[in-house]
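**Student:** In case you want the letters, here they are:
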Amino acid sequence: MSTPSQTVGPYLSIGLPWADGPEVVPEGTPGAVWITGTVTDGAGELVPDALVETWQADPEGRFDHPDDPRGATGNGFRGFGRCPTAPSGEYRIRTVVPGELPGSGGAVEAPHLDVSVLARGLLHRVVTRIYFPDRDNSRDPVLAMVPEERRSTLIATKTEDGYRFDVRLQGEGETVFFDV
Amino acid sequence: MGTPTDLRLPKYRRDAEGTHPPLGFPGYGSTALRHPKQPLVLMPQLLTEVTGPLLGPGRLGELDNDLTRQHAEEPQGQRIIVTGRLLDGDGRPVRSSLVEIWQANAGGRYRHTGDRWPSPLDPNFDGVGRTLTDDDGRYEFTTIKPGAYPWKNHDNAWRPAHIHFSVFGMAFTQRLVTQMYFPEDPLFSQDPIFNSIPDERARQRMVSRFDLERTEPEWALAYQFDIVLRGREASVFEDEEEEEG
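If you read the sequences in order, they're chains A and B.
Letter by letter, the first sequence follows residues -4 to 175 of the working numbering.
Letter by letter, the second sequence follows residues 2 to 246 of the working numbering.
To be clear, the hints were calculated from the coordinates, so they are not data collected in a lab.
There's no promise every hint is true.
For lysine to aspartate or glutamate, the following EDC-like pairs were computed, each having C-alpha atoms within a straight-line distance of at most 16 Å [to be verified]:
1) B:K38 - A:D174
2) B:K12 - A:E169
3) B:K146 - B:D67
4) B:K12 - B:D91
5) B:K38 - A:E169
6) B:K12 - A:D63
7) B:K12 - B:D212
8) B:K153 - B:D116
9) B:K38 - A:E167
10) B:K12 - A:D62
11) B:K146 - B:D212
Hey, can you work out the whole structure from these sequences and the hints?
**Tutor:** As structure tokens, this is what we get:
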């Protein structure tokens, strides 16, 4: 039986942020983009004490991980980003857009990042996905499971230096969260 | 390089009902505006979910697992050794995996600008540690026992002493943040965060065990705290028919 989840509480910022946490890829990486956004609560207030974590494939759609059945790439691609929200409620992750992923039966997953949001008031992380507005999302099997009228909450919007993805924990335009 | 015609993915079992807290929990006031009200969408475990960040020794400094030696002098408080294993649901060790902790000082005060309750900061204590599990999934920290502290959730509310733990496991599905508590804390009964876990047996898995064996005579007390992540189901094959033309 698993150990239960507990909230990160209000003081996660002493323990979890890393100086290079927001940098999935180093500065100057070809194709690097910033994903920025805010976290807001059910009253529309910014959440200044959350942590946003991202996990993703590399631009070829592969992972440097032994459980990728195509084999670990060995390329050292970290794939992981972590950024606390600032007093402004904003987070920033510098990364590259991942490639498509193969699925079973010829399925294709559109490029995406898995996202965990942790905060005071969240007894368990909430999980969502970021998709990209300039990629083909039409065949993605996970998006297809989401009610059509809510899919737009999972698709980032284009900005000057990358993309914007806002997380709404509750209420109007509530982000779709997944049970993984 | 062609796409392989089958994708053999591990599958992680879902935890039993009552293991984890509900997202909306009225006893813990901060959940009110922060928990989703729409139902969660059940997600299949695909490539992104069965892989996860493998964060290695590059993240660690030499004294990161000894919170009593990060300053010129020692912190105030009861010195303790906290050991345990990071395991999956089948008892297999999770090796070389990052364990991060943070905690209040002996008086129950965090080194954080938002913590203003009138208990002094300790100039010799940051309350932050990191380590990697070994080949048996073991980790070890030396620290001081954190104090309890008041909060404003309800009248005369106090958090039981605890250490925050953050672990990754091998897969995105296994990511866990929890809190380690100390045995027989009289503050458990009034703490909504501890009591948010519906299953009493699951709740007890957050309580460390006093470990006389690991105490160091004339030096430190010891507590043992194992962390169990979701286990894997037997492997399954998912066959793709043909590569698409």
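**Student:** Could you run down the list of hints and mark each one as holding or not?
**Tutor:** The hints, checked one at a time:
1. For the proposed pair K38 (chain B) and D174 (chain A), the alpha carbon gap of about 14 Å is at most 16 Å, so the pair holds.
2. In summary, the hint linking K12 (chain B) to E169 (chain A) is not supported, as the alpha carbons are separated by about 29 Å, beyond the 16 Å threshold.
3. At roughly 13 Å between alpha-carbon atoms, K146 (chain B) and D67 (chain B) fall within 16 Å of each other, so this suggested pair holds.
4. Between the alpha carbons of K12 (chain B) and D91 (chain B) the distance comes to roughly 13 Å, so the proposed pair stays at or under 16 Å and holds.
5. Between the alpha carbons of K38 (chain B) and E169 (chain A) the distance comes to roughly 8 Å, so the proposed pair stays at or under 16 Å and holds.
6. With a C-alpha separation of about 12 Å, the suggested pair K12 (chain B) and D63 (chain A) falls inside the 16 Å cut-off, and the hint holds.
7. Between the alpha carbons of K12 (chain B) and D212 (chain B) the distance comes to roughly 35 Å, so the proposed pair goes past 16 Å and is violated.
8. Only pairs whose Cα atoms come within 16 Å are accepted, and K153 (chain B) paired with D116 (chain B) is accepted, the gap being roughly 12 Å.
9. For the proposed pair K38 (chain B) and E167 (chain A), the alpha carbon gap of about 10 Å is at most 16 Å, so the pair holds.
10. Our distance criterion of 16 Å between C-alpha atoms is met by K12 (chain B) and D62 (chain A), whose separation comes to about 11 Å.
11. Simply put, K146 (chain B) and D212 (chain B) have alpha-carbon atoms about 14 Å apart, close enough for the 16 Å limit, and the pair holds.
Comparing the model with each numbered hint stated earlier shows that hints 2 and 7 do not hold.
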